[in-house]
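Participant: Protein chains in written order, with my numbering: chain C, -12 to 268; chain F, 5 to 286.
It is possible that part of the hints are untrue.
Stated by the list, open to error - Mimicking DSSO-like on lysine-lysine, the simulated pairs with C-alpha atoms at most 27 Å apart in a straight line are:
no. : chain 1 : residue 1 : chain 2 : residue 2
1   : C       : 249       : C       : 174
2   : C       : 190       : C       : 154
3   : F       : 219       : C       : 1
4   : C       : 164       : C       : 190
5   : C       : 149       : F       : 89
6   : C       : 1         : F       : 134
7   : F       : 219       : F       : 202
8   : F       : 282       : C       : 1
9   : F       : 89        : F       : 28
10  : C       : 249       : C       : 154
11  : C       : 1         : C       : 249
12  : F       : 134       : F       : 202
13  : C       : 249       : C       : 149
14  : F       : 89        : F       : 29
15  : C       : 190       : F       : 89
16  : F       : 28        : F       : 219
17  : C       : 164       : F       : 89
18  : C       : 164       : C       : 149
To be clear, the hints were calculated from the coordinates, so they are not data collected in a lab.
Listed below are the residues making up each chain.
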Amino acid sequence: MISIANLHFAYRRKPVFSGLNLELRPGHIYGLLGRNGMGKSTLLRSIAGFLFPQQGSIDVLGYVPRQRQPAFLQRVFLLPEDFYLPPMALERWVALYSVFYPRFDQEQFRRTAAGFELHTDGRLDQMSYGQRKKALICFALATNAEVLLLDEPTNGLDIVSKGQFRKVMAGAVDENKCIVISTHQIKDLENLIDRVTIIDEGKILFDQTIDAIQERLVFRLSYDPEETAGAIYSEDSFRGSALILPNTAGEDSRPDLEMLYKAVMLRGERINGLFTQKQRR
Amino acid sequence: MTTGQYFSFSRFRQLVALHWGSQKKLYLLALPAIGGLLIVWGVFLLLMDNNSPLDDGMQAFTYYWGLGLVGCVYSSTIFAEFGSKAYGIAWLGVPASALEKLLCGLLFSTVVVFVGFTLVFYLVDTPLVKIGNELIARQHRVWLGGYPIGPNPVWSLWGGLPGDNFDSHLHGLLVLYFILQALFALGSVYFERYAFVKTIIAFMVFLLLFLVLEKQVMAHIPPHGWNRYTLSNDWITNGDTLRVKEVRVSPWITGPLGLLVLLGIPPVIWVATYFRIKEKQV
C-alpha cells in the first residue's frame, strides 16, 4: 500500500532522512512515534505528496505522491497538525468539500460528529481549535480514504474527546485501509494502534506489531531487585519497578507504549536484537 | 495520467464553488471598499479641480491606476497562501489537478477582479461625472481665454486612452495590466513571503538586465556606422542624426507581431505559474 525506499530528504542544510525504508500495509493502524522535529510530520507530508523526496522513491497505492493527481488525493487524506478551515458554516463547507471525495459518507460524518458532540450547524470561524479539529477528524473519516495520515490528531482534544477519538479510529480501520497516526503523546494511542514505528534522527529505530511486542516482551511491575537488575528497561514507580523483560515464558502482558518508546531510545539495539533473534529461530 | 486527471469541468466547477464559498466574504467586502476609495478620490477631484474635473483623461488615469493597484495586490495574494503550511496543505490537498487550481485562481484574480473593479468604477464614475458636469454648467466655468468648459463624457474603457494613440487602437494599457497581473500571480506562487514587494524587485531586476542587454549587446549588433536610437524604434540608420539610409521592418509585420508578443506574454507566465504550482512543496 505504501512503500518507501531509500528516502533522502533535507530542509536546506538540515538533513531529515538519509536512506529511510518503510513498508505500510492495509488493515493496520500504525503509530508513528518520535520526538519533536525528528521527521514524523515530514514523513507524513512526503507520503501525502506535499514534500518531494530528494532521492529514493515513495509509492502509495501505485501512485507517485508528488504528482498529486486528483485520483490519488481522493484516496489519501492528511490531517495536519496545523490546519486551515475557511470562515464559513461547517455544513456548507462539508457540502462544498465532500463532492471531491467519491466515497464520502454524509451519514458517517453526522454519526462521528454526534459522537464528538460537535454541533454541525455552527460556523468554523467561531469554533475553538479543538472543535475545528474534531470537525476535520470527522471529515477525514467520512472521506473513506484508503490512506489516512493523522499528524498529532489528539493535540487540542479534551480528555473525553481523546477517548472518543480512540473509539472512532478503532472502528474506522478495515482490511482496505491504512491509518498512520503520528504523535508524541503516546498514551493517547494505547489500545488503538496495532503496529509501532519509532522514528528518530530520520531513521526507523523500531517497527513491530503489537502482537509481536506482546510475544517477545513482558511489561510488568516488580519488587524483586534481581529481576529489576536483569530487565531490559526499568522505571521506579510508587507501585514498585515497572519493567520490560524478554518474554521467555510466553507470558501475556499489555505493552506500555511510553515505556517501550523510552526503552527503544535508550536500549534500541538490545530490544531490536530480541526481535531479530526470534525471526532467525 | 488520463485526460480527466488533468482537467474535468465538473471538478473545476466544484473547485470554483469551494473557492467562492470560502472567500466570498472577502470579495463582497472588497467591492464597497474599492467603491468607497473611488468616491473619496472623485470627490477630492471635484473639490480641487475648478476647470474640468473628471475629464476623460482623469477617468482613464483613475481606472488604470485603480485597476493596476487592486489587480496586482490581489494577484500577489492569490497563491501566496501556499507559503503557509496550513493553507497550502488545505488547498493543494483538494482532489483537483494543478491545472484546475491554476485556472480557478486565474478566474478570480484575472476575470472576477477585472469585472468587479470595472463594474464598481462605472457605478461610481457615472454619477460623479454627472455631478461634475452639473457643477461646470451651474458655475459657468471657462477655460483661460474665456471659452466655456463643456460637459465631460463618461470615459469608455473600450475606446482606450483619449485621443488617437496606440492605446486607443490596441488597448495597450489593458494588455500591460494583464501582463503585470500575471507576473504578480507568478510571484505569489514563487515567493513564500512578501510576494508583492519581491515581485516588484524581481521585475525591476529583469528590466535592468533587459536595458543592459539592449545597451551592451544589441547596440553592437548593427554594422559599423549604423545606429539604433531608442528601445522602441524598429529601424536602424547609418549616419548620426540624419537618416541617410534607413532600414525598417514593414509595419504590417511589426504591428501584428508586437501585438502577438504582447498578448502572448500573459499565457507564457501562466504556464510558468502552472509548473510552479505543480512543483510547490509545503
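Participant: Each of the hints needs a verdict: does it hold here or not?
Facilitator: Tested hints:
1. C/249 <-> C/174: 13 Å, holds
2. C/190 <-> C/154: 30 Å, violated
3. F/219 <-> C/1: 43 Å, violated
4. C/164 <-> C/190: Satisfied, since the Cα-Cα distance of roughly 25 Å is no more than 27 Å.
5. C/149 <-> F/89: The hint holds at about 25 Å.
6. C/1 <-> F/134: It is violated: about 64 Å lies between the C-alpha atoms, which goes past 27 Å.
7. F/219 <-> F/202: 26 Å, holds
8. F/282 <-> C/1: 24 Å, holds
9. F/89 <-> F/28: Distance ~22 Å between residue 89 of chain F and residue 28 of chain F Cα, so the pair holds.
10. C/249 <-> C/154: 26 Å, holds
11. C/1 <-> C/249: 25 Å, holds
12. F/134 <-> F/202: 41 Å, violated
13. C/249 <-> C/149: Holds - the C-alpha atoms of residue 149 of chain C and residue 249 of chain C are around 23 Å apart, at most 27 Å.
14. F/89 <-> F/29: 23 Å, holds
15. C/190 <-> F/89: 24 Å, holds
16. F/28 <-> F/219: 48 Å, violated
17. C/164 <-> F/89: 26 Å, holds
18. C/164 <-> C/149: 21 Å, holds
When each numbered hint is compared with the structure, violations occur for hints 2, 3, 6, 12, 16.
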